[in-house]
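K.L.:
Chains A and B, in that order, give the protein sequences. Under the numbering used here, the residue at position 322 of the first sequence is numbered 322, and the numbers go up by one with no gaps. Under the numbering used here, the residue at position 39 of the second sequence is numbered 39, and the numbers go up by one with no gaps.
Everything labelled a hint here was simulated from the structure, so no lab data went into it. Note that the coordinates shown come from a computational prediction; the quantities given were computed from them, not determined experimentally. Each hint should be verified, as a subset may be incorrect.
Remember, identical chains collapse to one label, so a pair may be satisfied in a single copy or spanning two.
[As the list claims (entries may be wrong)] Here are the simulated DMTMM-like cross-link-like pairs (lysine to aspartate or glutamate), alpha carbons at most 25 angstroms apart as the crow flies:
id, residue 1, residue 2
1, K206, E221
2, K402, D64
3, K7, D116
4, K7, E177
5, K402, D74
6, K329, D116
7, K247, D169
8, K402, E363
9, K206, E321
10, K180, D109
Protein chains: 2
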Amino acid sequence: MSNSRPKSKCLFVIQDGLGDRPIAALGNRTPLEAAHTPNMDRLIRRGVAGLVDIVAPGVRVGTDIGHLALLGQDLSNGPYGRGPMEAAGVGMMLGHGDVALRFNFATVDRDLTIIDRRAGRIRERVDELCASLSGISVGSDVEVLCVPTTEHRGALLLRGPNLSAEVTDSDPNRAGEGRKVLPIRPRSTNPAAVRTAAILNEVVQKAHAILSRHPVNLDRERRGLPPANAVITRGAGGPREYLNLAKNSGLSIACVSGESTVLGLARLAGVTPLTAPQMTANLGTDLEVKLAVTLNALRRYDMVYLHLKGADIAGHDQQPELKKEFIEKTDRIVGEILRGYSEPVPLFLAFGADHSTPCELAEHSGDPVPVFLAGPSVRTDSVTSYGERACAAGGLGRIRCKDFIATLFDYLT
Amino acid sequence: MSNSRPKSKCLFVIQDGLGDRPIAALGNRTPLEAAHTPNMDRLIRRGVAGLVDIVAPGVRVGTDIGHLALLGQDLSNGPYGRGPMEAAGVGMMLGHGDVALRFNFATVDRDLTIIDRRAGRIRERVDELCASLSGISVGSDVEVLCVPTTEHRGALLLRGPNLSAEVTDSDPNRAGEGRKVLPIRPRSTNPAAVRTAAILNEVVQKAHAILSRHPVNLDRERRGLPPANAVITRGAGGPREYLNLAKNSGLSIACVSGESTVLGLARLAGVTPLTAPQMTANLGTDLEVKLAVTLNALRRYDMVYLHLKGADIAGHDQQPELKKEFIEKTDRIVGEILRGYSEPVPLFLAFGADHSTPCELAEHSGDPVPVFLAGPSVRTDSVTSYGERACAAGGLGRIRCKDFIATLFDYLT
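Chain A with its partners taken away, still in its complex shape:
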């Protein structure tokens, strides 16, 4: 690819979980269709729209796979462990032989039956809880590191000889019906996997003992809050190769997000993560701060990914009205960015999502996501508003995420 300076800058707005289905309460429109989005509609009129399947039609993906695809990674080159992504989100990069896991702080009873998979979505003093787990003694040759990531989540890293990521999760992924913390098992007969599973089970046991008498939890119990008295782990993974998107494209690229997984993936893909404590990856995220950081990033980088989590949260919470309102807020931020942008080269805009989170499902679906590209010389189409059904008639047609990303970078380089 060309190494000459790009003739434009690019803002790529990613609305997490944006795609939805028609909802009766919204007049049989999706939240995006029902939302008043004058800025995005004006942009789409000078853009080319389409529908994107992250992997393939009807295939559900998580935020991790969705963002891997949006960051230009080759999904056929899997698997990608969620643990190393979570660790990378807070800057903890794996060395050779390391194993990282993602975990939740959870509330369990005495026999490890799960009462709350997220310990009341604990946010306060999670760093103190993590600090009490770093350095747990599990044999002389393995180091345990524990760092907080987003809200009730953290990353656990094992460092030492003869470790393997071929182990199962202790997180049963659902609470209720008497589900317990699962024993971690090796996924193969590899002695390193057997050893790693044993070490992790010891970590889970010791963590429960430490957390149960931790001052943070004693305080929570006094206040009637569920104690974060257990860690439930998932997504074990080791270090692996990622495509360096910045080097590969010859562009300097940043990613503005409040979510550690997204920030971690950005870092792994050679994209500079930019965040601030006010970016909560939630409906209440401070969009003004995101706006300021994004405008600043557009001065310093050729391309900026702006990740907004709100639509996904509202989808999981089955709140179509809130989803619509968050999309409207996003549209206002887009308007502010267009007004505030003052670089000497044109701004190329891309809009997309990592997956659909229909309110009726309260989880991700395999529906394609609406996308568009707007810039000085794109082949415009007849689409005049940003919506799932409008984009189905767009000039991009229905394409895969990797093809959409290739198209975007073909315009930029």
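We have chain A; now place chain B onto it with these hints.
P.N.:
Then chain B, alone, in the frame of chain A:
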């Protein structure tokens, strides 16, 4: 496939580099959209249109890959060396163990710094220069053949034992900034590759000595023209299997073109290359000659590929007006063919391109190319004019080149 006589003949018009982007100077239309093309528009009204990605959306390809796809070759079955294609373009087919390279005649100074990668786009007496290089002595067991192809380009063939195509280019692909002719290196530790690289470096050195005192170059220097005093090589390749499109389809097929690469690929694909010196593969090509050869070919063959290079040249030269005018000339030739066609079976028409060459880029892009098929029984759509954005709404949808070619042959056989 059927071996019965086809119920129609087919003309496939390939406009090289046809696809473009909206251009302000053309009223935000592409050259194809801006061009007055009554014949193609009349055809597309009884046709089915679409957008074609040669490999995949956003993926840039060269004329070679584009034509391989249009000629029904399986691109996943790569790599295809450019050297053997160039050689095939002038009828030089490789035997087992041969290695062919494409080369430019270039102008270099005493220390092999490149002054002009194309030696002033030399066209005259290139055959004499090539003749002086054929038979260069490089060891007792290797034969060197050198043939002119298009303008300043030629093909170099090595024939002998223990040769390998696993060698790098001596062409740095760009001139300027003191770039020199690169030493050719083996791409592997294979002894045949090491030997071939050494032989080629010797060829490059000896060619420089011979060409520097060649009468053609002494004459050029007297006339103030840059001497063609070096060969810069690229695209080493050996013989390989190609799908025989004619045998595979049961049709007799010809290809009318002025470009040696296209003619070479046609020959490799079992398609009869038809050319004439007046076909220059340039904006000034004699379209009347192309018309006569094409009409004659339609009498003798079931199917004729008509390759027109002008749109691509105008795109590379950033001349939207010239690109539009060349497309209009093409349309007139299409009209003449329709008038001149007098075979007893209907004429099925296909229109396409090998890639996009947007004027704003001056190089190939990954934009899809507009295509259509017109014939008595295709499933017509609502598209009424031949253009990039009009075809986005076509009945073929957005498909890959291999799928378009399969569709075309499905109609013909």
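K.L.:
Indicate, hint by hint, whether the structure satisfies it.
P.N.:
Each hint tested on the structure:
{"no.": "1", "hint": "K206 - E221", "result": "within (20 angstroms within a copy, 86 angstroms between copies)"}
{"no.": "2", "hint": "K402 - D64", "result": "both (15 angstroms within a copy, 24 angstroms between copies)"}
{"no.": "3", "hint": "K7 - D116", "result": "neither (51 angstroms within a copy, 28 angstroms between copies)"}
{"no.": "4", "hint": "K7 - E177", "result": "between (58 angstroms within a copy, 23 angstroms between copies)"}
{"no.": "5", "hint": "K402 - D74", "result": "both (8 angstroms within a copy, 21 angstroms between copies)"}
{"no.": "6", "hint": "K329 - D116", "result": "neither (31 angstroms within a copy, 57 angstroms between copies)"}
{"no.": "7", "hint": "K247 - D169", "result": "between (35 angstroms within a copy, 24 angstroms between copies)"}
{"no.": "8", "hint": "K402 - E363", "result": "both (23 angstroms within a copy, 22 angstroms between copies)"}
{"no.": "9", "hint": "K206 - E321", "result": "neither (44 angstroms within a copy, 75 angstroms between copies)"}
{"no.": "10", "hint": "K180 - D109", "result": "within (9 angstroms within a copy, 74 angstroms between copies)"}
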